[in-house]
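Protein chains in written order, with my numbering: chain A, 1 to 244; chain B, 1 to 109; chain C, 1 to 584; chain D, 1 to 113.
As a list, the in silico BS3-like pairs of lysine-lysine whose alpha-carbon atoms are at most 25 Å apart:
id: 1; chain 1: D; residue 1: LYS58; chain 2: B; residue 2: LYS46
id: 2; chain 1: C; residue 1: LYS328; chain 2: A; residue 2: LYS84
id: 3; chain 1: C; residue 1: LYS157; chain 2: A; residue 2: LYS101
id: 4; chain 1: C; residue 1: LYS94; chain 2: C; residue 2: LYS121
Pair ranges (Cβ atoms, derived):
id: 5; chain 1: A; residue 1: GLY22; chain 2: C; residue 2: ARG187; range: 15 to 25 Å
id: 6; chain 1: A; residue 1: CYS193; chain 2: C; residue 2: SER117; range: 22 to 32 Å
id: 7; chain 1: C; residue 1: ARG153; chain 2: A; residue 2: THR126; range: 14 to 24 Å
id: 8; chain 1: A; residue 1: GLU131; chain 2: B; residue 2: TRP80; range: 49 to 59 Å
id: 9; chain 1: B; residue 1: LEU85; chain 2: C; residue 2: PHE436; range: 50 to 60 Å
id: 10; chain 1: B; residue 1: THR78; chain 2: A; residue 2: GLY194; range: 29 to 39 Å
id: 11; chain 1: A; residue 1: LEU24; chain 2: C; residue 2: SER117; range: 47 to 57 Å
id: 12; chain 1: D; residue 1: LEU19; chain 2: A; residue 2: ALA83; range: 29 to 39 Å
It should be emphasised that the hints constitute simulated quantities derived from the structure, not laboratory data.
Predicted model, so just to flag it, every value in this text is computed and none were measured.
Positions of the beta carbon are idealized from the N, C-alpha and C atoms, including for glycine.
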Amino acid sequence: MQDTAETEEMLEVEIWRGAEDGALRTYRVPRRESQTVLDVVTWVQRNAEPALAYRFACRVGMCGSCAMQVNGKPRWTCRTHVAKVAEGGKLRIEPLANLPKIKDLATDMAPFFEKWAEARGRHEPTRTRHEPMAPVSPENPARAAANAGIECINCAVCYAACDVVGWDGSYLGPAALNRAWTLANDERDADRCGVLRAVSQSGGCHTCHSHGSCVEHCPVGINPTAGIAGLKRMTLAALMRGEL
Amino acid sequence: MLEARLYLLQRASAMLLAPLVLLHLGLILYAIEGGLSAGEILGRTKGSLFWAGFYGLFVLAAALHAPIGLRNILREWTHWRGRSLDLATGGFALLLLALGLRAVWAVTA
Amino acid sequence: MSRDIETLRTDILIIGSGGAGLMAALHALQADPDLDVTIAVKGLIGKCGCTRMVQGGYNVALAPGDSVERHFMDTIVGGKWLPRQDLAWKLVDKAVERIHELENELGCFFDRNPDGSLHQKAFAGQSFDRTVHKGDLTGIEIVNRLMEQVWARGVNKLEEHRAIELVPARDGSGIAGVLLIDMRTGRYRYVEAKAVLLASGGGPTMYLYHTPSGDKACDGMGMALRRGLPLRDMEMVQFHPTGLLAGTDTRMTGTVLEEGLRGAGGYLLNGDGERFMTRYHPHGERATRDIVSRAIYAEMRDGRTTPNGGVYIEMAHLGPENVAKRFKGMVERCADCGFDLAGGRVEVVPTAHYMMGGVEFELDCATALPGLFAAGEDCGGVHGANRLGGNGVANSTVFGGVAGESMAAFVKAGASWKEADRNVIEAGLDRAERPFAAKGGDLSHLRERLWRLMWDKVGILRDRAGLSEAMTGLGDLRAELHEAGLADGDRSFNLTWHDWMNLESQIDISAVIASAALAREDSRGAHYREDFPETGSLEETRFTRVTQSEAGLALEMVPVEFSIVAPGQSLIEDEAGAPPTAAE
Amino acid sequence: MIRASRNHPGWWAALGHRLSGLALALFLPAHFLVLGLALEGDAALDGMLAWTDRPLVKLAEWGLVMLLTLHLGFGLRVLALEFLPWRDPLKVLISLGAGASVLAGLLFWIMVS
Ligand SMILES: Cc1cc2nc3c(=O)[nH]c(=O)nc-3n(C[C@H](O)[C@H](O)[C@H](O)COP(=O)(O)OP(=O)(O)OC[C@H]3O[C@@H](n4cnc5c(N)ncnc54)[C@H](O)[C@@H]3O)c2cc1C
Ligand code: HEM
Ligand code: SF4
Ligand code: F3S
Ligand code: FES
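Based on the sequences and whatever the hints tell you, model everything.
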């Protein structure tokens, strides 16, 4: 049943081989009924190109390791069914855009995470492990706003989709700013002003032009455009108050 | 916090420009619908303090708004960055302001 | 040429970046900020391993009416009296401080009650609602916050570095360092360290159907075994009853469909469309993980299967809209894979989930090799015969932190860098180089055979004959693997080379599982012997300990010390800590 | 050059906004210059009238008006996105903004021509 090998319907798959100076190479991969883009890549590695480099871990959309450009769009490949993307039985699979290529489909995600840290993307505590936890009402609007952006899997799909990232190397990008937005709304954080200062540097939230490619492509439905807009408003308010 | 200030200026000037442009476009439409010639229009604006203020504000806002936008475009679409770019776009702002005010003078004085 | 090694030096080397590894790095640096700490990990920091995949949540006794004693009793009773009690106590006791650290210091967003207090939900096998969570993506929240703090602490990162050998000192005085492969370049690296943490997270990926992330292959246990360290409780492999089944060609197969589906009243149907669970247990689909897994397996063995050889889960009778709302994440995931969970039937199969067994370790996370510490799923003894849902991530973060502190103290007490035993390094290189010297062989086919062998003979239902066959089969597979070669072309980011090494670790540890399962002639928790279906006397509970020497695997049955509570007793008045049996 | 990831209304709106803004920024000084120059001297009014009657200049002026309308529409969209606290209908808003400005532009074009 899972094996349609008898009829051998085939996919024509172009895969990027090499680093920056690489090129596309074409493979013919048997089509299966249940088949994700990651499965296609795996098939090529196991059957045609043993040295093919790609990255994955969880295979269920939680680790954010497996993102690639599929027919020109950044996607999580472990949860992208072939039926959804194969146009006329064809797939073009390339490494994620806007990141340095290491080899084949694996990119160097270091700049993405460095920018996350640059946006002060981490909690500054107000309490220690020996104190009781802060009561936080789930209905509190700030908490709700933070909650809406917190489940980011740092897959860098939005980062690859955003043109401004490609145009301006210093731009922190949607994911880092989205994380900053969750922190700026977290009443437990000791230095929310520090977050606003971090995202007001050159390359910060004001560099975003609200293209919306990030929200368009985020696989888990996060809306960085809204979060970044929120940061813009918050930083302006802080600027007026003379706190920046 | 230069970026935040520029952002503020650009958005504030845009908010100001929006109604000004609407009015300006409305005026043009009205003029066309009413079959007014340029001469007739000028006849109305000449010597009017209102129109002088209106277009003066327009020019001021545009002279803030456009160079900031241009700076963004140049930074993102070319390799031009840094002080020279800031100076050049600043110069462009002054140029717009000067040409604009002269035009306002010509139309309303 | 290819055997060239680049050498690095650090105070503390941590293998793995799950809950255990990341927590250890933070705690070591809190104890002494001047320490040079390095994390070496097979994937990217924080983006691999199973802590990230935790859905249910984190068990900790916080609520009024709950107590550490109660959590302890649930853990011991759930573990069928097999856990090492002082370790289990440390788990439940330290979990309270750890969850406060996660929320207060690391900034984890845990779900709240309307009054602002922490929300704790019910989870299988527990007498109290004590599972702290962030929706059903708790692991992402915990690991993201840990990862952010680790980046900020100046920890040295060796990402996409695979540990292949624990290297002892030449004079036998303890550990000297770890041999690694820089996966991106394909070159070898030797990292000298005063203390090393093994936190590579086990993971039963040698089964046809399995849940853990693809980077896990029991490498850590394999390395420990080669150093002569004892592994305990290795026969205890937990199966999750409902893994997604979509054929063996897709990596989706084996991934977990959450327990709550059954808890909420989902039906399990066999290939004939019949609800079968009530034939096996009065609680039907809501029976515990082990009972449901065995029942499904029995149906499968009797041939009443779905097209792909499993059973169906069906939710539609609960109202498709309702299901779509209540189990949004699961419904979306199934939809992405082409299945309609809310309104149709989805094929499922039990899937290997977690290894209760692992390296023997002490309360301070020390192992028998001085300077080598261990924490998390690599370790055995905390959970006994069965791990409660929610005790896994508590285990890795609690003991990871303990290990960090212990390593800092160990270094402070004067540990030094040691001269490595060159023979072990050479042996490690030989093993890694082996596929390049061999010719031919079909790795995919070998993997599939290992998967099926373990699934059929060392899986959910076991008996002597099957286990003996498995021992022989595993020997054959190892021999064939050693003949299976790879072209020695591009070694950088060569996943097939790493697949080869994964298979070697998996085969080594499979043999340990099979021999422990053969030795345990009773049935309890995750281990079920059809030829010995009785649990036997709890008072005489013994655990398995496997060690490896030149002569091969040696097995011992060691009596469990009831150091805190004995069978028949309880720390809670009038209760034996008997947990409810419902799945939710 | 147009990547598949760009093919959504928000991106097209941003491109339209940028190109119209760019064109405006380049046209505007010329517009000012012409206005200023044409009105110098005694025969200012007559000269002006004659000048604006030339078809090429007429077209350019119409173009400027067009661009302004487009840019206004797209600009209002950006301002709404950034300053109105609407969260969920954002995607809709992005498309609406784009659609509305194109419509406004067309309408204007039809009315004036
Ligand atoms: C799908 C799923 C759901 C789960 N849900 C829950 C739950 O709800 N509640 C709960 O308590 N527990 C749950 N668990 C169990 C829990 O995830 C584990 O118990 C725990 O997180 C293990 O943590 P760890 O740090 O020991 O290992 P992991 O988090 O698995 O990390 C292991 C690390 O070691 C690295 N590594 C492996 N081999 C090498 C090598 N050779 N060299 C270098 N690095 C290496 C890996 O890449 C990884 O970074 C779940 C597990 C799975 C798979
Ligand atoms: C009608 C009133 C106007 C409004 C509401 C408006 C609004 C805006 C806004 C919000 C932006 C920022 C876009 C971004 O960063 O993504 C912008 C950019 C810009 N505007 Fe305007 N604007 C107006 C008039 C003008 C005028 C008259 C000019 C020209 C003289 C102009 C030239 C520009 C330029 C060059 C940009 C940069 C575009 C970019 O960065 O992509 N604008 N405008
Ligand atoms: S915001 Fe969405 S697309 Fe961007 S990194 Fe996070 S999960 Fe990925
Ligand atoms: S795509 Fe980029 S420009 Fe802003 S809205 Fe998203 S970050
Ligand atoms: S493999 Fe983890 S998100 Fe795809």
